[in-house]
Structure formats: C-alpha cells, structure tokens
Amino acid sequence: MNKFSLSGVNQDVYFEKMSNGLEVYVLPFKNKKNYFACYFTKFGSLILEFYSEKKKEMIRVPEGVAHFLEHKMFEQEDGIDPFEFYARSGTNCNASTSYKATRYYFSGTDNFEENLNYLLNYVNSPYFTDENVEKEKGIICEEINMLKDNPEWFAEEELQRMLYKKHPFRIPIAGSCDSVRTITKENLYDTYEAFYNPNNMCLFVGGDVAVEKVFSIVQNNAILNSIPKRDIPKLKPIKEQLAVNKKFQVVELDSVTTDKLGYAIKLDANVFKEKNRFELSLYIGMILNILFGSTSIFKDEMLEKGIMTSLYLERMYVDDFLIIEFWAETEHPEELIKEINDHFQNYQIEEIEVERCKRVWVASEVMMTDNVEATISSLLNDVVEYGEIQTERINFIKKMNYKKLLEIKDKIDFSNDCTLILKKKKKDD
Amino acid sequence: MKYIRKDLGSYNLHMIKTDRFKTININLIFRKKVNKEEITKRNFLADMLTYTSKSYPTRREMATIQQDLYACELDFSCYRLGNYYNTDISLLCLNEKYTEEGMFRKTVEYLADTIFNPNVTNNKFDSTTFNIIKNNTINQIESIKEDTRKYSLVKMLEKMGAKENYALHGFGYLEDLEKIDEENLYAFYKEFMRSSGLDIFVIGDIDFTETEKIIKDNFKFDIYHKKDKDFVIEHQKIRRTPQKILEDYPVGQAKLSIGCKLKGLTDFERNYALTIYNILLGGSSESKLFQNIREKNSLCYYVNSSSNKIDNLLFITSGITKSTFEKTIKLIKKEMKEMEKGNFTDEELAQAKTRYMSLLDEMYDYPTQIISYYYASEILNSDLPEERKNNIKKVSRDDIISVSKKIYIDTIYLLGGEDDE
Chain A
1 MNKFSLSGVN
11 QDVYFEKMSN
21 GLEVYVLPFK
31 NKKNYFACYF
41 TKFGSLILEF
51 YSEKKKEMIR
61 VPEGVAHFLE
71 HKMFEQEDGI
81 DPFEFYARSG
91 TNCNASTSYK
101 ATRYYFSGTD
111 NFEENLNYLL
121 NYVNSPYFTD
131 ENVEKEKGII
141 CEEINMLKDN
151 PEWFAEEELQ
161 RMLYKKHPFR
171 IPIAGSCDSV
181 RTITKENLYD
191 TYEAFYNPNN
201 MCLFVGGDVA
211 VEKVFSIVQN
221 NAILNSIPKR
231 DIPKLKPIKE
241 QLAVNKKFQV
251 VELDSVTTDK
261 LGYAIKLDAN
271 VFKEKNRFEL
281 SLYIGMILNI
291 LFGSTSIFKD
301 EMLEKGIMTS
311 LYLERMYVDD
321 FLIIEFWAET
331 EHPEELIKEI
341 NDHFQNYQIE
351 EIEVERCKRV
361 WVASEVMMTD
371 NVEATISSLL
381 NDVVEYGEIQ
391 TERINFIKKM
401 NYKKLLEIKD
411 KIDFSNDCTL
421 ILKKKKKDD
Chain B
1 MKYIRKDLGS
11 YNLHMIKTDR
21 FKTININLIF
31 RKKVNKEEIT
41 KRNFLADMLT
51 YTSKSYPTRR
61 EMATIQQDLY
71 ACELDFSCYR
81 LGNYYNTDIS
91 LLCLNEKYTE
101 EGMFRKTVEY
111 LADTIFNPNV
121 TNNKFDSTTF
131 NIIKNNTINQ
141 IESIKEDTRK
151 YSLVKMLEKM
161 GAKENYALHG
171 FGYLEDLEKI
181 DEENLYAFYK
191 EFMRSSGLDI
201 FVIGDIDFTE
211 TEKIIKDNFK
221 FDIYHKKDKD
231 FVIEHQKIRR
241 TPQKILEDYP
251 VGQAKLSIGC
261 KLKGLTDFER
271 NYALTIYNIL
281 LGGSSESKLF
291 QNIREKNSLC
301 YYVNSSSNKI
311 DNLLFITSGI
321 TKSTFEKTIK
331 LIKKEMKEME
341 KGNFTDEELA
351 QAKTRYMSLL
361 DEMYDYPTQI
371 ISYYYASEIL
381 NSDLPEERKN
391 NIKKVSRDDI
401 ISVSKKIYID
411 TIYLLGGEDD
421 E
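Residue numbers (the working numbering), protein chains in the order written: chain A, 1 to 429; chain B, 1 to 421.
None of these hints come from the bench; they were simulated from the model. Careful, some of the hints might be misleading.
Derived CB-CB ranges, DEER-like [stated by the list, open to error]:
# : chain 1 : residue 1 : chain 2 : residue 2 : range
1 : A       : D110      : B       : K97       : 24 to 34 Å
2 : A       : E304      : B       : Y173      : 19 to 29 Å
3 : B       : D230      : A       : Q348      : 37 to 47 Å
4 : A       : Y312      : B       : Y79       : 17 to 27 Å
A short, non-exhaustive set of chain A residues, derived as facing chain B with CB atoms under 10 Å [stated by the list, open to error]:
# : residue
5 : H167
6 : S296
7 : I297
8 : K425
Note that this is a predicted model, so its numbers are computed, not measured. The beta carbon of each residue, even a glycine, is placed where N, CA and C say it ideally should be.
Just need the whole structure built from these sequences, with the hints factored in.
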C-alpha cells in the first residue's frame, strides 16, 4: 500500500494495485458524515473497434454500446437491481458514461461495507438476455430524444462533427436511436468481457471510511477475486487528420431562442515544448483564463459593446489533439470571432496577472476539498486523462512560470479553426 | 456543531460553528411578500448589486478584488417561497486559517461595501452595468424556452392559475423588465433596504464573539419590517375533473407536466407524510412511477414526482413520445390509485424513510443546506434534522393513505412532441 499526500491540502491518498490489475485509491476524510465510492472502467463511447480474442479478428460494435452497457449493468439475475438494493439503506447510486470512461458510484452515510461489496458484485456480474436488452431500447431512445431537443447539446455534438473527419468523437455518446436498435446481447457480452476486466478498472473510495477496511473488502470480495486478469484488447488505431473537417456552418433550429456561437481550434499537442500533458493543460487553461475569463478586459469590452451576452471556454485532449472551444450567446458571431483572434494576438499578459491567477487556483483547490465527491471526481478525471492521479497539483500551480506561459502562448495558432452558428429558424412566409 | 441566534433589531444574526469546512459562508436572506411586478425588479437589483459597486465600478475590477480576497465567491439567488419572495446574497470565502490573518474581516467589509455602496451616481444606477445586465436578463428569460422540461412546468402552472402566487416563477418577465430603468431601480433599492425581512447567516469554523462583532460593525441596517406570516399557500378552488391541455411546440419529445393541488392536510401530513408519499410515488428510482412507467413499460427515460409543501402542490414530469400520451396518463393515474389503496409494502415504506433520513444526515456536509434548515426553522417554525428524523419515523401507512386522498389532479399539460409518421 502506498500513501500519498495531496500537496497543500492536508489530505492523504492510499493506493494499491491489486494482483488482478485493479487500482484502488482511498481518501479518508476527517470530519465528514458521508462517503462516496466510484468503480469505473476506462471504456467509454469512443471504443467501437477492437480485437476479439474469441473471434480472432477485429470487430466493430454498434454506436452507443458503452452507454447501453451502463444501463444494462443495472439488470441482475436475482431480479433485485442496484437501485433497489441501495434504496434499502437509503444510499444513492447511479452510473454515467462519457467518451473515455463508464462510472458506477454510490454515496451515503450508512451500511458502507455491504454497499461497497455490492458495487463490486454487481458490476462484475453481467446478466444480459434478449428480453432485457430489447426492453431497454425504448428507454434509451427517449433519453436520446430528450437530449436532441436541447439546442446546446445539439451544438456540442455538431461541433464535434465539424472538428473530426473520422474520429469517433463525432459520434454521440449514447449513439442514435437507429444504432441502439441494432444492439444485441452478444455485442454487450463482447465489450463487457473485453473492457470490464479489473485490469482496466479503478476503484475510488473517500469520505467517512477506514482505509484498512476498504482494502480488506476489496481483497476479500469473492466475485471480484474470481475474475482472472486479462490483457486489454488491441484497439483499431484511429487516423485523424489535423485539419478540421468543416470550417464553417450555420444551422437554423426551431428550438433556438437566443443565437449561439461555437468556435473551436484544433491544435497538435506535440508542437509544444512542454511534454507533460497535465502541466500543459494548466498553462493553456491559465492563458485562456487571463485572456477571456472573468477578470479579462476582453469580457468587459464585449459585454459593454453588446457583442455577446455570455462566453465560456473549454479545453480538452483528444489523443494528440488539443481542442479549445469557445461558446457564446451572441447575435454578432463573426465580429466576436474577429475580436477573439485580435485579442489573442495583441494582448500582452503581465506577470502580475499570472501570479493572481495562481493564487486563485490554489484557493479553489483548497475549497474543493470540503467536498468529498468533487475531490474524488477531480482525481478520477486525472486517471482517465493522464493515466495517474496528480497529487502535486497545488505545487505545480505554485511553480507555474511566466516565461514558460508566454512561450506556450506563442505556439497557439488559431488558423485551424471551425465555426458553428446556431440561429432560430425563420418562419416560412 | 453549535448554533447561536441573535435578534439585532433590524435583522437576526444566525451563527453556526462547525469544524467540518475549510470555508466560511455568509448569507443574507432578504424577503418580502411576492408580487408579480416586483419579481423582475428584485432579480435585476440583486444582479446589479453583485455585478459592480461604487468602489469597484467595472465587472473586471469586481472580479479582481474577489480574486485578491483568495477567490471569494459572491453570488445571488432569487426564488419564491410560498407567498414570499427571497433574495439571497451570499459570499463564500476560505477560512483565514488557510490564508492570512485579518482576511475574514476584510472579506466582510467588501461584502458590506458591495451592498451599501452600489454603483450609483445622481440617484441612478450606472448605465453601462445596467445595460449589460438588461441584455443578459432578456437572454435568460428567453432561453427558458430552450429548457423544455422547465418550460413545460412553467406553462402548466400558468394554466393552473395564471394569477395565483404559485404560478409566479423566478425567471422574471419581459414585460416587467421593460419598465425598469436606472432611476426607478435605485428608488426600489432604497425601499428594499429598509422594508425587507432580513436574516444573516454565518457558518464555518468561526469564533462567535469575534464574528458577531465583525457583522455588527459592518451591517448596520435600518429596517422596519413586521413579523411575516402566511408563507403557506392554501388552495380555495379544487377542480372536479382535471383539465387536459396539449400545446404544439417545436420539440421532438413531448414534455409532460401534471400539477396536483393538496387540500386539507394536517400539519403532520404536510410536513412529514407528504415527503414519504412523494418518495414512494415518484421521488426515487424505486418509486411506483419509475418502476412502472419506465422499467415495465419503457415509455420514458425520466419520470419524477416532487412535492412542495409550502405551495401545497405536487408535480409529476416526464418526457414521452406524443402518441403514448393517453397510455402514460392512464398508468400514472393507476399508480396514484395504488397509493390510495395502500398497495405498497412495509419494506418500501421503511426504505423511503431510510432514504430521507440519510439525506438529512448528508446535509451536515453542505454548508448551504445547513443554512436552509435553520432558515426554514426561523420562518416556518419547522424542525431541525434530528427532531425531523423522529417525526419521519412516526409516519404510518395510514398517514400515507390519508395524504393520497387529499391530492387532486388539476392540470395535465403536454408541451410539443412530434406525431408519429
């Protein structure tokens, strides 16, 4: 068992990699009544083609299979589903699927030992039948319909289709009603067996818990320990061009009431001298924050001129690409894009701004540790994005350097961009 | 956790000491009787006060000072509570144990300055800020229509009783927004500051004596406000047969909202049995609605019920395919009937209570929830979690059945949905 300490916040993290490959992280909190546990696989909607050991060939599964699998893990052979089990002790449970991971979690105040055992049991006990697979299709289709009606959701998905030509990021996490209807129990077992092996999974537990207790539960769980360690199948490599798939598009929708702009740039993460992806992401985040965040001159100017009414930014890695997205409510999208570009080129970031931002980030990190779930989610995200938890987050932030920040800023190039404008559909005359 | 309440004349100061948090929350809760014309203005005012101030006249300066105070977060929220409308102005900061000595006083000074020293010249709010907020408000009001789940609920309540307090929502109204200008907003500010009911909460690892002194030094209100009463909305008219309204709207999935009135509940039923009734009907994934409408019949992805004891209302919401409307309604009504007949097991009843009590326990981990409980205890005389737990334990099968007979479906509303081809 290894013990780490999260820098600057007085919080210990205990870690062990079990012999079956499962990574276990435990964060005992002082002064908390509740606990939170999350068991997850590094398998999300992006994986659609992989080598099947059974069939000895590359197989392709229908779009939305990871999300479907998440729904179906709640089906258990004894007819008692996790919702029902957890309800008995008043525990909350749920699950979620993202592009890169599928999570199963619960939070509560009582009955911890049984609850954790149950989590390890049900996620390791698939029970798919033709009938229960069929039944789920209507539910998932309504879920897809619900999301489709939201213009912001639509815009986010559409922007991905503009950014990528082939990458499965183009495909919505839940798939489409059409693809979901083709999913069979064989598809579910194929993907389950390939990616729900302990060797591809992690367990995070935190809050009002005893460290030894958690490890002893994990070591003694019969179902979990009966599963042999397997290698994770080879994935079909994804070849994606650097150039965006589509530069510009205007979409008119009935459901839009305020016009929106989605503007993204697609960068090659390898052009930066900084090779540590976590650190690079911090620097890029800080640059964007200073230039376009709440204390930026830019935001004030654009609001005062009435060019936009809101703006927020996102950044993410997709393989070797670094994506920066701007989302705004605006009636002057082209003007706003020009302003964003001009501001980025011309604004000279000052050292004092960097120092202020560092102080704010450190304070926010400390504040976050008041919340068990938020603290765990942040570390869990580190594992999904960077392969390991970032215990030195606060020290990294404190050490961030002005000169390096300017060097990184110089490498950001806005030319490989794409623009999505969402407008209210005009009524036909 | 220790709690002290002090009546300081113009307002009550509530201090809650706990070592659970690294942060300190300060929350000022202003309240007045709700009135439709004032809602938009009060939202606007709270936005204005927290956006800029005389000392920090641009948004950027405001954000910068907050950063210098170790990323303190100034926020506001406006919401209706029965027949009243609340304006919360809150500030979250790190305990100075994690920053530097004297920061708490400085932060409170900043908060007080923000509230008492608005960005006003010649009896008018600053036009630049005013216009930014106005544009933003127009957008926010318009964009409710994009959140069709919420929009369906808003429209359903309007159909239920357009002029009634329970139909008033906190998003604001465009027609009222048009009437607001820099000058009348400032006049309103002055009135607001001397006539609102006010409670100030401070929660964190604090020292009572020192905190009281800092608050008293900085918050000198001169409020004349009579004791509030009649928070709870009582329904006079009950519809014999529910009205059913289907409205066209450009949205693929039809958004169903059902509104029910509650009438004749005893205090015990309203405060405790209703909560458990709701969990059993549609307040959890074990509920009758979730199990039958979603799991057995695959008609939807979400179906929930929620109860509001102050408005004496119960809602059921779902997203469905339009052609399944009648079938869904029939099934929902059937499940409500099952509740009336007492067709739920003792185990289910016990589970619902356990779930709720667990939520009460978790409350101790969230400062804003702790404040909510003490606030409800202040204005509604409701009990605090430990006592509440004991009362919840007393809820019997008969109490649930009795509640179920006092629920009257009033309006069944379906927004949009494409007809099947």
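Okay, the hints, checked on the actual structure:
{"no.": "1", "hint": "A:D110 with B:K97: 24 to 34 Å", "verdict": "31 Å, holds"}
{"no.": "2", "hint": "A:E304 with B:Y173: 19 to 29 Å", "verdict": "26 Å, holds"}
{"no.": "3", "hint": "B:D230 with A:Q348: 37 to 47 Å", "verdict": "59 Å, violated"}
{"no.": "4", "hint": "A:Y312 with B:Y79: 17 to 27 Å", "verdict": "24 Å, holds"}
{"no.": "5", "hint": "H167", "verdict": "27 Å, violated"}
{"no.": "6", "hint": "S296", "verdict": "7 Å, holds"}
{"no.": "7", "hint": "I297", "verdict": "6 Å, holds"}
{"no.": "8", "hint": "K425", "verdict": "8 Å, holds"}
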